[in-house]
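Between the sequences and the hints, there should be enough to build the whole structure, so can you do that?
Chain by chain, the residues:
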Amino acid sequence: MADHNDPNAVNHIFSDIDYSPADLYDLFGWPTAEGKNVTLALTFASAPAAGVLDTDLLYRLLLTSHPRIAWPQTNEVSLESVLHYFDAVKEKYLGELKTAEIRVTVKTATSVTVKFIGFPSGDFSAEVEANKVVAIPAPNGKTIQAFIGGRDDAFFNDLTGFFRSINYAPQFYHVPHTMTEARELPIPKTLLELEGNDLFNYRPDMPTWGFTQLDGTTPKLDLPPGPWTWKGDKYKKDANGNFRFVYDGRDCRAKQNCNAIIFEFPHDFITPDTAANRLVNSWGESWVRKAAHKIASIPDDEPSWINHPWKAVREKELDDELKKYKLVDTDGQPFADAALSERENDRQLGANNFWLGPHFIKRLAHLGWGFGPSISALGLKTSFDHDNSPVSIHKTYDLVATAFPRVAKTLFQKLNMPDSSWNPKNLNIPLRRPFEIFIPNVCSIDMDTTGSWPFGRRLEDQVATRFLAMFLDMEAELNGKKYHIDLLGDQALWDSAPIVPKTPPNPLKNDKEFLDHFPYLAEPWPEKW
Amino acid sequence: MACPSVLPIPQLAGYAEELDRTEQDVAQLEAKLQRHPNNQELRIRLAYRLFHRASLTGRMEPFQALETAIHQNIQQFGPKEDLCLLKANLDFRFHRLAETQRDLEMCPLLPGRFDARVLLADIKFQQGQYEEARLDFEALIQENRTWDNLARLAHWKSKLGDPAEADRLYEEAEDDLTAKQMRAYAWLELQRGVLALTHGHYAHAWKHYRRAQASYPGHWHTDEHIAELLAAEGRFEEAEAMFQSVLAHTLKPELQQALAELYLFTGQAAKAQPLLDTAEAAYLASVKLGGVHYFHHLADFYTDVRHNPLEAVRWARKDLELRSNFSTQSALAQALHCNGETSEALQYIKLALASGVQDARIFSIAAAIFESAEKTSEAQNYSKVALRINPRHADFHMHH
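Chains as they are written, first to last, in our numbering: chain A, 21 to 549; chain B, 49 to 448.
No wet-lab data here; the hints were simulated from the structure. Heads up, the beta-carbon is just placed ideally off N, CA and C, and yes, glycines get one too. Errors might be hidden in some of the hints.
[Unchecked claim] From the structure, some residues in chain A lie toward chain B, with a derived Cβ separation under 8 Å:
1. 196
2. 199
3. 203
4. 232
5. 235
6. 240
7. 311
8. 418
9. 419
[Unchecked claim] With a straight-line Cα cutoff of 30 Å, these simulated BS3-like cross-link-like pairs (lysine-lysine) come out:
10. 228(B) with 275(A)
11. 366(B) with 343(A)
12. 275(A) with 415(A)
Here it is, written out as structure tokens:
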């Protein structure tokens, strides 16, 4: 669930909310054609069906290309420094940065209009048939490859394991939408089952509990009356002294489809100075047509903003087309919305999530108290300062200043890559740090790399496991090799760990082979989910 | 005056499609429940879909089926918040205010939830606690500026004297809606149309009704309003045809009464009588089954249509016992007035007017009662106010 079921307004986990084509799933982006092209794929819920689009939806892919500039205060680990960074990002995104845009509006269920706005070659548009690879000629003679339609969902992830790790009740219990306090229950987040955490620990008598089935149902239990807390003081161990992993590594998105908007275009279509502008930043948005504009053929007597200035204020930054739509979801980084912003509808800010910077620090610290001690218990080093707590702790923060010291290393450490393949030209490209990755909430593709996360996001990246790796201490070593973002995906690690099941937390590959050519995502499954 | 029938209406999916989709949803959920009979989420989802289906049709039988389903679910799963909230919404719809409150209290934390607080504010309005209701609506909007709460405050403003602000709020509510909520959009347009109609602005009412019709085609609820407007304009044959068409969709007794009243208004008493018989029988049958939501209609029925002041007073008092507000107070005042009980009628109409309500019909009733009490000066004054609010208040109107 990079961004599945987010925000809550379209969260289908709740019984009274239907699947919505406005529910953005993932944004993938990576360089192709030896770094000359960039490919972007925005995936979303396949409603009404895979390959069938909703005519009330508008999708945007926003893009900028600019130089790779290292943050000047690179060695200063302080709250002031990171807050200064958030401010600088804000200035950049509200200030000088100009974004270009690919806008997709759905004409019929199987045809779309694609508008290219703000690119150096000028604005133009094309009518595109859905579910077909189409070559769109740009005014400057370049060709853009496009595919818009149904695909296999490229995300592979033990969704239920993740929800178990954060004690997310609606996946396991019938939780009415009204009960906002019964979502993430106040039990320590954890990678290892907690002794006596009967609310979430695996139940051998109910192996399908919390796992969504192909018919759309999810076996759930009745939420017992509270308090929904945990009074224990240790991780659960079996008779052999093994911990119980909250994950079992299965692919909860197996055999499920999505709809996708996929483009591949030359880097110099985005920027004339590709030599200088080595980064391509992108994020996606879904918008739903406003009711009033569904019947635009009956005009008002006069523009309503004449009488209603509130409308003018709200709409002043939107062009005429966007004024007719309402923003629902944004997607840039996997987990930026779902894991760090807690899916709140009013936190769908896209790149503008610098407002959430302070919240991001508090939330990361909250997660750290859960995952940090779990990592330590497995004998690994963590980046989170948990005072050598022997077990996960449920702790929330009101003040950024209090949270920051705990999470400073997690925020500032450079995330090691598993090997050098991500940097094929062996350039001096700094490793990325979590605070740079999540703020702003964009998929930031480095055109000199393979685009493997966090230097973009390739289809085969296991980002859920890589997200957890933020809590590993990247200065530590295992078997003579520094920790890296794929360490938790290494089967050998689990084979030697005192844990069952002996599996990486998430599947290592997608249930369907990706294509080696455009549109890269696999064909959709025949079933409609 | 533009005629709606000659305007090009965009062919959007509307009532028939939504009803069809809802029927399919219900069928699919029922099929899934065959395989997972004790799946709580499926059962509750089905109950919500049944509520949706019943609301679409407006007929009593689907509501009764829903009531049974809710009852069974609560018996099997206990008082879950979503079930109790659904039951509360159902009870509120049928004027069972005390039960609504009890439904919410079945779950200890539910009365404090946003959705429940909305209902509690609605109850306050229905019970004549206008200021409390307004403050609650404003607080809810402050918390979460949802279209439905904007509409609630708009309704408050429309009744208590600020139609311009009411229309602005309705328009803002509309702006919050997406193409996935066209029925709600059409409903808001109808409210704006009613606002215009009750102030005598028929052209504006047409504009909104046409937009409602265009945005959500085929809904009997829109046609019902259009029929009333046609009748108000004196286009009786068109109104009659429209009422008959609506009745073909939904046999609601209040619509039978409306058509009968149109016949009476146009001097066709013979045509009216069978419809009135049927409507009266349906009202009384509902009461016999424990229903209370037709008390108001019965009071109006015996006051305005079948002159039986004693019965009118009886039903008006019953309604007032449930919810004492300007609407029930003025209905009782009118019934008492018809029954020659002028002194008590005066008492109740004063109570209604003290609310600050700005409704031409209530001022017109007040004028009649004060005239009868030989308070000519006040009577003339209220007549003027009625005319100022709606110069056309004597035109045909329905009892909503």
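Taking the hints in turn, this is what the structure says about them:
A least Cβ separation of about 4 Å between residue 196(A) and chain B falls short of the 8 Å threshold, and the interface hint therefore holds. Annotation: interface hint on residue 199(A) holds; nearest CB of chain B at approximately 6 Å, less than 8 Å. Using the Cβ-Cβ criterion of 8 Å, the hint placing residue 203(A) at the interface with chain B is not satisfied: the shortest such distance is roughly 13 Å. With a cut of 8 Å, the hint placing residue 232(A) at the interface with chain B is violated, because the nearest CB-to-CB distance is about 11 Å.
A distance limit of 8 Å between C-beta atoms decides the matter here; for residue 235(A) the minimum to chain B is near 7 Å, and the interface restraint holds. With its C-beta approaching chain B no nearer than about 6 Å, residue 240(A) sits inside the 8 Å limit, and its interface hint holds. For residue 311(A), the interface hint holds, the least distance from its beta-carbon to any beta-carbon of chain B being 4 Å, beneath 8 Å. With a least beta-carbon distance of about 20 Å to chain B, the hint placing residue 418(A) at the interface is violated under the 8 Å criterion.
Given the 8 Å rule on beta carbons, the hint for residue 419(A) is violated: about 24 Å separates it from the nearest Cβ of chain B. Between residue 228(B) and residue 275(A) the alpha-carbon distance is near 28 Å, which keeps this suggested pair within the 30 Å criterion. Of the supplied pair hints, the one linking residue 366(B) and residue 343(A) is violated, its CA atoms being roughly 50 Å apart against a limit of 30 Å. This hinted pair does not check out: residue 275(A) and residue 415(A) have alpha carbons roughly 37 Å apart, beyond 30 Å.
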